[in-house]
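*Asks:* Listed below, chain by chain, are the residues.
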Amino acid sequence: MPREVSTLADILADARVWKLKDASAAPSRPVWSTGRPVLDACLPGGGWPTASLVEVLLETTGLGEIQLFLPALAACQCKTDGEARWLVWIAPPHEPYAPALVQQGIELGRLLVVRPASATEALWAAEQALSSGVCAAVLLWLKGTDDRWLRRLKLAAEEGGGLGVLFRPERHRFESSPASVRLLLTRGEHETQLELLKVQGGRPGHVALDVS
Amino acid sequence: MKSLRHSPAAARFATADLFADAVAAQPATAQPATATRSTSVSPERHLVRPRSARLWYAVVFPELCESRAACMLQRLGVSAQRFTSWVSIEMPNALLLEIKGSVKLFGSLDALHADIDAAWNRLELCARTATAPTTLGALWLARAGKHVQLQESGALAGALADLPIACTAWHPDRLQTLRSMGVTRIGELLRLPRAGLARRLGPAAVVDLDIALAKQAAPRRAFVPRERFRERCDFETEIDTVVYLQKAVHPLVERCALFLRQRQAGVQALELRLRHRVLAETRVRLGLASITGERRRLADVLDEKLQRLELPAPVRSMELRSGALQPLSASSLDVFAGLRGGDRDTAPQLVERLRARLGEHAVYGVMTIAEHRPEAAWQRVHELRLTGTQRAAPHAAAAHAQPLPRPVWLLAEPEMLRAADLQRLQEGALILEEGPERIESGWWDGRGVARDYYIARQVHGARWWIFQERHTQDWYLHGFFA
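Top line first, the protein sequences correspond to chains A and B. Sequence positions in the first sequence follow this note's numbering and run 1 to 212. Sequence positions in the second sequence follow this note's numbering and run 1 to 482.
Just so you know, the hints here were simulated from the structure itself, not pulled from any lab data. No residue lacks a Cβ here, since even glycine has one placed at the ideal position from N, Cα and C.
Just a sample of chain A residues kept apart from chain B, beta carbon distances all over 12 Å, derived:
1. T7
2. D10
3. R151
4. R152
5. P178
6. L196
Taking beta-carbon pairs under 10 Å as the criterion, some of the chain A residues facing chain B (in silico):
7. G64
8. Q67
9. R110
10. L111
11. Q128
12. T186
Please model the complete structure; the sequences and the hints are all you need to start from.
*Replies:* As C-alpha cells, then:
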C-alpha cells in the first residue's frame, strides 16, 4: 500500500502543527485594541489579550501607562447584551480621577476601587476579582511579589476570562514572569520608550509609540 | 377641596372625585377613605384590591387593652394566617380576613367560620365575628355583635339597616351630629340624600357607606408579619478555635436559609453573637451587598468574616440573628444562577467577599460631581449599585464641554513644584503643551481657587497637570497623565 502523500496544505491543516503566523492572526480569545496601531501590530491578534495577564514595568508613574489601556477598558466594559461589565482597580498609586475616566468613555457605575492593607491582600483581591468572571478587566499595582502569586493570577485570569494588568516597578524586569505580555516603559531622551520584553505568539522589541 | 365644600353641587363633585380615586385603587389616594379607622401597622404590607367576589370575615376584640393593641393584633394576625394568606389589621381592635379562597379547603363556609371562631375561644378572647361580602359591612356587623354570615351583596343593605350608627366607629363628633339629626340607625342614614350627607359629614362618610354596600371597592393592605430568624446553639464544651466555630455555624446558616426559603424572603444583614463565660459577647456583623437567602452565599461571607476573627475568649454558645426579611425579586432567585454557568460569582458576591476580608471602606466606586474645582469634581461612592442592567445615560459631567483633558491620577493635595522643576520650566525642559485653562471658583465657601492649569510635558515623556496660583504666582503639581 503506497504511503499517503502529504502536501504542505495537509501538514498545515494538522492541528498538531503550531504556526506562529496563525497564532497572531486568529487568537482563540477576543482582544482589545490598545488604541495605537503601532502597538496593536506587535501584539498577537492586534490588541491586549483577554483571559491572560499583562505585566507593565514602570520606571516612574505618569509615563502614559494607563493611556495604553484606557481604550481597551472602555471597549471591554460594553458587552453586546447591553450590560456594562466591571472594572476593578486594586491599590492604584493615586486616586483615579473620575472626570478623566468619564472623558475616556469609562462607565463609572461599573468601576470598583479596592484599597487593600497589604500586598498579600491586594493579590488575594486580584485573584478573587479575576476568577469571579464578572470583571472585564482587573488592574493591579504592586511593589513586588513572587513568581508563585503571579502564576496564581494568571490561572485566575484564564478561569475568569478577563484582562489582568499588573503594574510593577522597573526593577523586576529581570525576574521571570508567567505573564503573556510583558512591557517596559522608561523615560527616553525625548519621549517615553516602550519595549516589549515578552509577547506570547508575537515578537518582542522596541515600539516607537509617540508619533504625534 | 375644603374651599369647595360650601356649595352642594361642588360637594357632589368633590365626592365624585374621591370615588374615582378610590376605584382606581391608588394606595396614596385611597387612603383618606380608610384612614379614619384603619391605620397601617407594619410598613411592608401588600396592597390588594378587593373584588366583588370576595368574602370578608371580620373579628372585633372589644376588650383588647388599648396600649398593647398593635402588638396583640399582629400576633393574632399571624395566627389568623392559618386560615387565609390574606389578613388585614384594622386598628384599633379588629382583624379582617379574606376567606373566599379558603371556603373550599375547609369544606363549607359554616365550618370555616366555626373553625376561626374556635381559634379565638381557645385563646379565651372575647371576640365578635361576622362575615359579609364587603370589608366595612363585615366590620360593622361584627362591631354590632351580629353573628351573621352574609354571602350576597344584595342582602347587605337589609342587614346593615338595623345596626346602630355607633358600629361604624366614626369620630364621636360625627356621630353626635347624626344623633342631633335624629339618626340612630344605618338604615335611616341610607335614606338621607347623598349630597346633604356629604356636606354635613364630609365626603369620607359617604364613601364609607358605599364601601359597606359594595358600591365601591376599598383597597386594603395585607398584613405581612415582621419576622426575623433567630436561633441559638449551645456548646457542650467551650470552643476556642475559629475553625470549630465555622463548622458549628454551618447548620445554623442552613436553617436560616431554609427559614428564608419558606418565606420566599432574603436578608441583607446577619449578626452572629458569640457568648463567653466572663467577657461581654462578641458580635460579628455581616452586611450583604444585595438581598439574598442563598445558603452558600451566606455561609461564604460568614466564613470569610470568621476567618479574620480573633476570639477574645472561648465561646460557650452562639446565636444567629437575621436582619429584617425582605422579599426576593425574581432576578435574585437562585434558579437563574445556574443558567449563568455553574457556580460563577455575581458582582454582589464578589463585592461582599472583598468587603468581608478587606473592610467595608476598602472597596468603593467613584463618581463625578458637576463642579469646577478639580479636587471637588469627584467623590467616593460606598453605596454601590450592583445590579441594574441599564447603562447610565451620558453623564451630566461628560456633557459639560471640558476644554482640556483631565489627568487619570489626581494628587490628594497639590504639591508645590520643587526648585529643580521650576528651573526646568524656565529653561524649557518642562514644556507647557496645553493651557492655560483658567479655573476660578468656590469663593463662596471659603475654599476658593484661582488657578491657571497647564498640561506640562517633561522632555522624557511624562506628562503632568500643573497650575499656577494666580495670587501668589506659585506653581503646583496636581496630577499625572498616566
